[in-house]
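K.L.:
Residue strings, one per chain:
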Amino acid sequence: MDKALIPEGVKRCPLPVFGLWMLFLSAVIAWGIYAGYTVLFKGLNVTGLNNYFGFGLYITVDLGIIALGAGAFFSGFMYYGLSRFFPRLKELHKIINLAVIVGFCCYTGALLVLLLEIGQPLRGWFGYWHANVHSMLTEVIFCISCYAIVLVIEFVPIILENRKLDAIKPLHIFGHNLHEIMAVFAMTGTFLSFFHQGSLGGVPGVMFGRPFAYRTGFFIWPWTFFLFTLSAMACGPAFTAIICRIIEKVSRKTLVDRSVYELIAKITGSLLLIYLIFKSLDTLYWALDTAPGFGLKLSDFYRAPYGMWLLFAELGVCGVLPIILLLTPQTRNSNGLLFLGFFLNCAGIVINRFAMTVEALAIPVMPFDQWAVYIPTWAEWAPCIAMLAYGAVIVSLSYRYLPIFPREKELNP
Amino acid sequence: MSGSAHSEHAESKVRYGMVIDLDKCTGCGACSVACQQENNVSFRPDESDKLRTLSWMTLYRLENGADYPDYRAAMLPRPCMHCDSPHHSPCTFVCPVNATIRDEHTGIVDHVAVRCIGCRYCMVACPYHARSFNWWDPTWPKSMEAMLTPEVSPRMRGVVEKCTFCHHRLNLARDRARLNGEDPDTVLYTPACVEACPARAITFGNLKDPNSEVAKLAKDSRAFRILEKLHTEPKVYYLSSAQWIRRQSDNGL
Ligand code: SF4
Ligand code: SF4
Chain A
1 MDKALIPEGV KRCPLPVFGL WMLFLSAVIA WGIYAGYTVL FKGLNVTGLN
51 NYFGFGLYIT VDLGIIALGA GAFFSGFMYY GLSRFFPRLK ELHKIINLAV
101 IVGFCCYTGA LLVLLLEIGQ PLRGWFGYWH ANVHSMLTEV IFCISCYAIV
151 LVIEFVPIIL ENRKLDAIKP LHIFGHNLHE IMAVFAMTGT FLSFFHQGSL
201 GGVPGVMFGR PFAYRTGFFI WPWTFFLFTL SAMACGPAFT AIICRIIEKV
251 SRKTLVDRSV YELIAKITGS LLLIYLIFKS LDTLYWALDT APGFGLKLSD
301 FYRAPYGMWL LFAELGVCGV LPIILLLTPQ TRNSNGLLFL GFFLNCAGIV
351 INRFAMTVEA LAIPVMPFDQ WAVYIPTWAE WAPCIAMLAY GAVIVSLSYR
401 YLPIFPREKE LNP
Chain X
1001 MSGSAHSEHA ESKVRYGMVI DLDKCTGCGA CSVACQQENN VSFRPDESDK
1051 LRTLSWMTLY RLENGADYPD YRAAMLPRPC MHCDSPHHSP CTFVCPVNAT
1101 IRDEHTGIVD HVAVRCIGCR YCMVACPYHA RSFNWWDPTW PKSMEAMLTP
1151 EVSPRMRGVV EKCTFCHHRL NLARDRARLN GEDPDTVLYT PACVEACPAR
1201 AITFGNLKDP NSEVAKLAKD SRAFRILEKL HTEPKVYYLS SAQWIRRQSD
1251 NGL
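Chains as they are written, first to last, in my numbering: chain A, 1 to 413; chain X, 1001 to 1253.
Careful, some of the hints might be misleading.
[Said to hold, decoys possible] Here are the computed lysine to aspartate or glutamate pairs in the DMTMM-like style, where the Cα-Cα straight-line distance is at most 20 Å:
#1 X:K1219 - X:D1084
#2 A:K42 - X:D1049
#3 X:K1229 - A:D300
#4 X:K1050 - A:D369
[Unchecked claim] Where chain X lies over chain A, by a calculated footprint (3+ residues, C-beta under 8 Å):
#5 107-121
#6 128-138
#7 198-210
#8 366-376
[To be verified] Residues of chain X clear of chain A, computed beta-carbon distances all greater than 12 Å:
#9 E1063
#10 P1069
#11 H1088
#12 E1104
#13 K1142
#14 H1168
#15 K1208
Honestly, the hints are just simulated from the structure, not real lab data.
The beta carbon of each residue, even a glycine, is placed where N, CA and C say it ideally should be.
Given the sequences, and given the hints that come with them, work out the whole structure.
P.N.:
This is the structure we're talking about:
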C-alpha cells in the first residue's frame, strides 16, 4: 500500500525507517500536547510569563514562524503575479509547492500555539464577535485565520496529486480545476498576508506608552507595519530554501536546480538589503528622535541580558553579513556560504521579533521601576518545539507521498 | 495615536480624577489594602513572586540615590491612571475585543472581565504596569468569604484586571441620586483608597469642575503626573515639593 502511494518513478526510504522517524516526531508532538493540556488545565501560571512579560516565548515563536512562513505568500506573489513581467521568476515553479506546504505548517502551527497563549481560549471567537476596529490584534486575528483558510485551499490540489487520489476521476477534475484558479487564491493570500504581516508589526509599533516599541508612522500605520512586511518577504523564501536543502540532505537527492537557490538568494538578499536600509533609518530616527522625545537614551534600552549585542546581532551579524553572502556571486557559489546566508537572514528576523516583544517589555518605562528578565518554562518550550515537529510531520508526509518537486525525476535518474 | 491626535469622543462635563499628595503619604499601605478588600482582589498563600501579584494599587519606593545624610526616600501609590489621551488610552485601543474601554461620560477606563480573552495586550501596552493578570483561579480562605464585597464580581482565571476608581461605588451613588431626584451625571463619590487613607493624602473628584478640590489641587504648583512625556494624559496627579521626585517621575525631564 505504501509503495502504491509514493509518486511514480521516485525513490523513498524504506517504510520502517520512515515509520521510526514518524514515531520520533509523534513523541515530540505528544510531549507538546501534554504541555498544552497542562497550560489549558492549570492556566498560564505554569509558564514563565508574568505581569511584566505578558508576551513571551509563545508570541515570539508565533511572530517568528509567521515571518518565516511568508515564503508561501511571497513566492506565490512572485510566481503567479510577477512572473508575467519577469519571466525568470517562472523558475520558482520548482519550489512553489514546498513553499505552500511550509506556509501551511507555519500558519496552522502558529494558530495552535496562539490558542494556548490566550488566558480564555474558549473565548477566542470574541475576536470576531466583539471586534475592536482600532486594534492591530483584531486585524491580525481576521487576516491570519482567513489566510490559513487560503493556505488550506492552496494545499488541497497538491494533496490531490497523490497517485492514488489522482486516479479517482472526480478528484482529479476537482484538483485540476483548483489548480487553474490558484492564481486567484495566491493573490488573495498576498493581500491578506501583506496586511497581517504588517499588523503584526503594528502590534508593538502602536504602543505609544512603550518607547522601545513605539514608532511614528504613516497615516494609521507605524513604520514597524511596513518593516515587518518587508522583512517577512525577505526571509520567507530563504526559509523555504533551507527546508528544501534539509530534505535534499536527508534524502540524499537533488530536488531543485541550483538556479532556484541562486534566484532566491538574489531576491531575498536584495530585499534584505532594502529592509536593512529602512530598518537602520528607522532605528536611527527612533534613537535620535522618538526615544529622546520620551526622555530616554539609547543605553536605557539595552541592559543585561538584553544588551547591545542583540542590536548588533540583528543588524550586523544577521543583517549585513547575509546580504554580503547572498549578493556576492563568489560566496553564492559556495553551498555552505549560501545556506549560511539564508540561515542568518532568517535568524535576524527572528531576533527582531524577539526584540520587539520580549526585550521591549524588559525595559521599565517608569524610572523607579525595575528591569525584569523573563525565562520561559518547559510548558512554553514544549508546544513550540512540538509545533516544529508537527511541521516536520506534514513536510515528511508530503515529500513521501506527493509529487511536490516537479524536477525530482529528471534530477535523480 | 499620539497625544496630538484628534479626540474621537464627545466629552462630558465629568472627568473623575485623583490627586495623591506624596508629601503627606507615609507609605502605610492602607489604600492598597482597602482597595484589595473592597474590590475582591484575590491573593495567594505565597505572594513572594511580586511579578505575579494581583495589585490594583501598588506602592512604589522612590529613592534619591544620594548617600547618608542626603539620602531621601518616598512612597508612591500607583492606581490605574485612567489615561485620558485624546484618541484612546494606551490600553483601550489595543484590546482586540473591546473588553477594556473608556467611558466617555466619566473618563473612567473600565474593564469587562467576562469579555476579556486574556491576550494581555493591554497589560503590555500600559506603561504604568497598572494591570495584573489572573494567573490562578481566585480563592479566599473560607473565613474571608463572608467579607467579599457583593457589588464587585470576582474575576475568573485567565483575564486581566485593574483599578476601576471603584466604579461600583459610582453606580451606587448614581442610584442614590436617582432616588433622591438629583442629577446622576454629576454625583460625587469616594473610592475605597481615598476613604482609607489615614493621612488624607488622596483626593478624588471631578477634574472638570473648577470649584472641586481635586481640580484646584491638580493645578497646584506642586502637581505633576508620571511620564507626562508619553502623552498618556493620566487623570491621576501627584503632589510633591521634592524636586528629585518630580524629576524622577517624568523620566528626568
Ligand atoms: S494606567 Fe495603564 S491601565 Fe490605566 S488607563 Fe493608563 S494605560 Fe490603561
Ligand atoms: S487581556 Fe483582555 S482586556 Fe486586555 S487586551 Fe486582551 S482581551 Fe482586552
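K.L.:
Does each hint fit the structure? Answer for all of them.
P.N.:
Status of each hint after checking the structure:
1. X:K1219 - X:D1084: holds (17 Å)
2. A:K42 - X:D1049: holds (18 Å)
3. X:K1229 - A:D300: Holds, at about 16 Å.
4. X:K1050 - A:D369: holds (13 Å)
5. 107-121: holds (count 4)
6. 128-138: holds (count 9)
7. 198-210: holds (count 6)
8. 366-376: With 5 residues close enough to chain X, the hint holds.
9. E1063: violated (8 Å)
10. P1069: holds (22 Å)
11. H1088: Non-interface label fails for X:H1088: nearest chain A Cβ at 6 Å, not farther than 12 Å.
12. E1104: Check passes; 14 Å lies beyond 12 Å.
13. K1142: For X:K1142, whose nearest Cβ neighbour in chain A is about 22 Å away, the distance exceeds 12 Å, so it holds.
14. H1168: Its Cβ never comes within 12 Å of chain A, the nearest being 22 Å, so this holds.
15. K1208: holds (24 Å)
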